[in-house]
Amino acid sequence: MRIDAARGHAVPVAVVCLVILVLWYLAAIPMNAVVTQPKIDAAGGGLYNTLLFSWNHERPVLPAPHQVAQEIWKTVFMVAPWKVKSLVYHLWITLSSTLVGFVLGTLLGISLAIGIVHVGSLEKSLMPWIIASQTIPILAIAPMLIVVLGKTGLPDIFTKASISTYLCFFPVAIGMVKGLRSPDKLQLDLMRTYNASAAQVLWKLRFPAAMPFLFASLKVSVAIALTGAIVAELPTGAVSGIGARLLQGSYYGQTLQIWAALFVAAFAAATLVWLLGAFERMSWKRMGVKT
Amino acid sequence: MAENVITARDLDLTFQTNDGPVFALSKINLDVVEGEFVSFIGPSGCGKTTLLRAIADLEKSSSGTLIVNGMTPERARLARAYGYVFQAPALYPWRTVERNVGLPLEIMGLDNQAARIQRNLDLVNLTGFEKKFPWQLSGGMQQRVSIARALAFDPKLLLMDEPFGALDEIVRDKLNQQLLELWDRTAKTVVFVTHSIPEAVFLSTKIVVMSPRPGRIIDIIETNLPRKRSLDIRETPEFLKIAQRVREGLKAGHSYED
Amino acid sequence: MMRALITFTLLFIAAISSYFGFSLVEPLQGSYWLLSLIFVLLSWALAWAIGWVVDAVLAIMKAPIRLSNFLVPALFGLTIIIAWEYYVKGSHIPLVLLPAPTQIGAKFLSALPILGADFVQTILRAVIPGWLMGCGAGFLVALLCDRNDFLRRGLLPLGNLVAALPIVGVAPILVMWFGFDWPSKAAMVVVMTFFPMLINTLAGLNASGHMERDLMKSYGADWLTTLVKLRLPAAMPFIFNALKINSTLAMIGAIVAEFFGTPIVGMGFRMSTEVGRQGLDMVWSEILVAAIAGSTFYGLLTLSERAVTFWHPSYRK
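Chains as they are written, first to last, in the numbering used here: chain A, 95 to 385; chain B, 2 to 259; chain C, 5 to 321.
Calculated directly from the structure, the hints in this document are not laboratory data.
Nothing false has been slipped in among the hints.
Derived pair list, reagent style SDA-like, types lysine to any residue, alpha-carbon separation capped at 20 Å:
hint, chain 1, residue 1, chain 2, residue 2
1, B, LYS133, C, PRO237
2, C, LYS233, B, GLU107
3, A, LYS272, C, ILE249
4, C, LYS233, B, LEU79
5, C, LYS233, B, ALA115
6, A, LYS313, C, ALA167
7, C, LYS221, B, PRO94
8, B, LYS133, C, ARG310
9, B, LYS28, B, GLY46
10, C, LYS221, B, ILE68
11, A, LYS313, C, THR252
12, C, LYS221, B, ALA80
13, B, LYS133, C, VAL312
14, B, LYS132, C, PHE314
15, C, LYS93, C, LEU82
Whole structure, please, built from the sequences with the hints as guidance.
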């Protein structure tokens, strides 16, 4: 039953998390030694001083969990969300281009998939290139794409979103092609006996059959879109957005800034995937799928 | 004096499911003597497969005793006392036919592997198919490979769970006949699960009729048909009488009701 | 046969005229978009027709190879490149925005030593070792999780979560820990490839059927024998799926990690600095190297996959 299943996972996950937390605190001691040793020696050595300095350094090599938590608290809840110092502000910048890219990419992917399934020559000419392009590290050419698109005068959000669009578009296209082609031969034959038009077959049979594939692709795509938006902020030396915070933290040695930005981005990604999952479960209920 | 290969006394097996306990087997008492061909017959849910799996130590009984080859089922399994044939061939697709038949020999570290493989493939009339892959064979042939594999390490006991259920009637008839010849030649003890009355009567020396809810034995019928049989025997009055008795047992166990 | 001949001739004429027509309108300004579009469409139609014709001819000849499956996309790609060349040259697009294929080709050939050094730094020192370590670690931990159910129930949900996160973000942290040179890039690759390998291997280990596993039980086989003779071969399709995904992730990880700091060599480094110096032809040359390297890596993996998992139903017609 559901409760049993949850209990089955909850305890082990909690234990693994606890172990990670303990290991993290312990690892902070040797890893920070490079910067903390002088301070510890100056204070006279000893266990208390070691722990105190290892876990509370301003610019640690490995920040302690509570330090990261404090930094997140400071920049998320203690600052107004529209101020530049707020992490929420930066998150919103990144999220907005993520969402624009995600929506555009999904629409493009679905349209392309419909085209491929219905027009044979489109498939023959495009599919091999779509598959081959997956082997090119798209994220790596982000800098160039950003610079080139920036010169065309489009608003910033669209240039960044273009990376996310490009990244989303392929998983969605490939997943949808598989999904639109998934109906049984028997089911397609039934449609033929009704003399259904291609559009009717698409809307009444292929689309519903493609839903599982679509949702699987969407969950993968939204995560990639967020990553794409972050990477898109790197090359232009942007001053706002999660990627920008990561870059700044890296340049100025502000470790806590990096870790805080990373955790907030991770939380955002997890939330987006969870939201899609909830949306998926709603659709399953309406379609009568056994959960 | 022929020995008891399988002895079951007051055997119970209860599954704990989300909807409450399921009494798969209830007070089973059974003796299987060496050299017999025993069929378990009954509708779905009567426990015949569960009983077979309990003998094979693929399920654990809840209470009662079960002795296989003079040992507990677990010891018998570890001593490789039986060969098991499943409802589907369950061949490994990355191995050729001969390597599939040789699988138990590899695991058990037996010698003379090539000779054993050849001998058993000959037994099931599949000489010449050694280098083929499973998907290149028909369903009936794959199932025959599965039987050859079960016999490869020469166990005294053969356990078969509806092995011909997925095949069409004509192939089934042929395989029934081949199985009977094989049994005659190798003098093994066979326990065979089926839901086909003609198949059970045709193949067996003893028929165990079971019924569901809870799974129990309704009747044990000793058939006295001659050991060497042909398919024509299915029209004789003796055959029909036994089949009638089986059907009556099933009715008594409410097997024909919802 | 007649239909094929007529179609072929018509489209051949269309192609020739489009080539000539293009050179005629070159002196004109503007509307290069439209002309290029028409050119691309015509060439694409030509490619499709050639493919169809070849197909028909081959079918008549009963040839076993579906040559058109290769010809059509190849011709399509070729026409895109030619259209690109004409569009850039015709519109006098500055090098700073979009270089023409011939310019890229020239730069590629002239900068081979630099490209080679970058290739060694990024692919040979970061991508390959990182991919091997990450996939290896993911595989071993998956075996551990298989042995210990508690560990599996704890680690798998975390693994699924981490796989969705923007792992790329840990790049600056890794640079801080492992220094500027290739170790931090290899570490990035390990982090990116570990979880997909873990998740896929676990899924693969569960892929063997109940009957096949009962068979092993009936032989009294222990965990290791069952693993080696049944569960690992059955898991190969999933493992190769992860290896292929990881080949792409490895390249992304190594290159993006270089954006955060690297000695003066490496593909990511070259791309980001050349973008700053507006040397886009060099950037495209690096992309070409990345594309070739990535495709070769992926292709080798696909070939091995075919050899190992030849038995899988997806290979049968």
